[in-house]
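Take these sequences, add in the hints, and give me the full structure.
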Amino acid sequence: MHCIPDIRVWRTANEYQESAIILLKANKGWSPAILASLALEIYLKSFLSTEIKVKNEDGIYQTFKKPSVGMV
Numbered sequence: 414m415h416c417i418p419d420i421r422v423w424r425t426a427n428e429y430q431e432s433a434i435i436l437l438k439a440n441k442g443w444s445p446a447i448l449a450s451l452a453l454e455i456y457l458k459s460f461l462s463t464e465i466k467v468k469n470e471d472g473i474y475q476t477f478k479k480p481s482v483g484m485v
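Position in the sequence shown counted from 1, then plus 413, gives you the working numbering.
Simulated from the structure, these hints should not be mistaken for laboratory data. Every residue, glycine too, gets a C-beta built ideally from N, C-alpha and C. Among the clues, some could well be false.
[Claimed, not checked] Label pairs and their in silico Cβ distance ranges:
1. Gly-472 / Thr-425: 27 to 37 angstroms
2. Glu-470 / Trp-443: 44 to 54 angstroms
3. Tyr-474 / Trp-443: 36 to 46 angstroms
4. Lys-466 / Lys-438: 17 to 27 angstroms
5. Trp-443 / Lys-468: 37 to 47 angstroms
6. Thr-463 / Arg-424: 12 to 22 angstroms
7. Glu-470 / Ser-444: 40 to 50 angstroms
Pasting the structure below:
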């Protein structure tokens, strides 16, 4: 398991957070709270991923992040 989160997942959470801030400034009801909670969930789950390598049919290895707990 890695000590730092997957940067791509972290960036996705940042996008949710930025969207929540924009909607909050525009006074758009519950939407900012929902997006902020999704961002928080993504931030937390980014720490649970482990790196795995999968060999495809061409013999090339691809690297993926797989959640270690909490997902099937």
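Hint by hint, here is what the structure shows:
At about 30 angstroms, the CB distance of Gly-472 to Thr-425 agrees with the hint of 27 to 37 angstroms. Range check, Glu-470 to Trp-443: about 46 angstroms between beta-carbon atoms, so the 44 to 54 angstroms window is met. With their beta carbons about 44 angstroms apart, Tyr-474 and Trp-443 fall inside the hinted range of 36 to 46 angstroms. The hint said 17 to 27 angstroms for the Cβ distance between Lys-466 and Lys-438, and at roughly 43 angstroms that hint is violated.
For Trp-443 and Lys-468, the Cβ-Cβ distance of about 45 angstroms falls inside the hinted range of 37 to 47 angstroms, so the restraint holds. At roughly 19 angstroms, the beta carbons of Thr-463 and Arg-424 sit within the given window of 12 to 22 angstroms. About 43 angstroms separates the C-beta atoms of Glu-470 and Ser-444, a value consistent with the hinted range of 40 to 50 angstroms.
Going through the hint list in order, the structure does not satisfy hint 4, though it satisfies all others.
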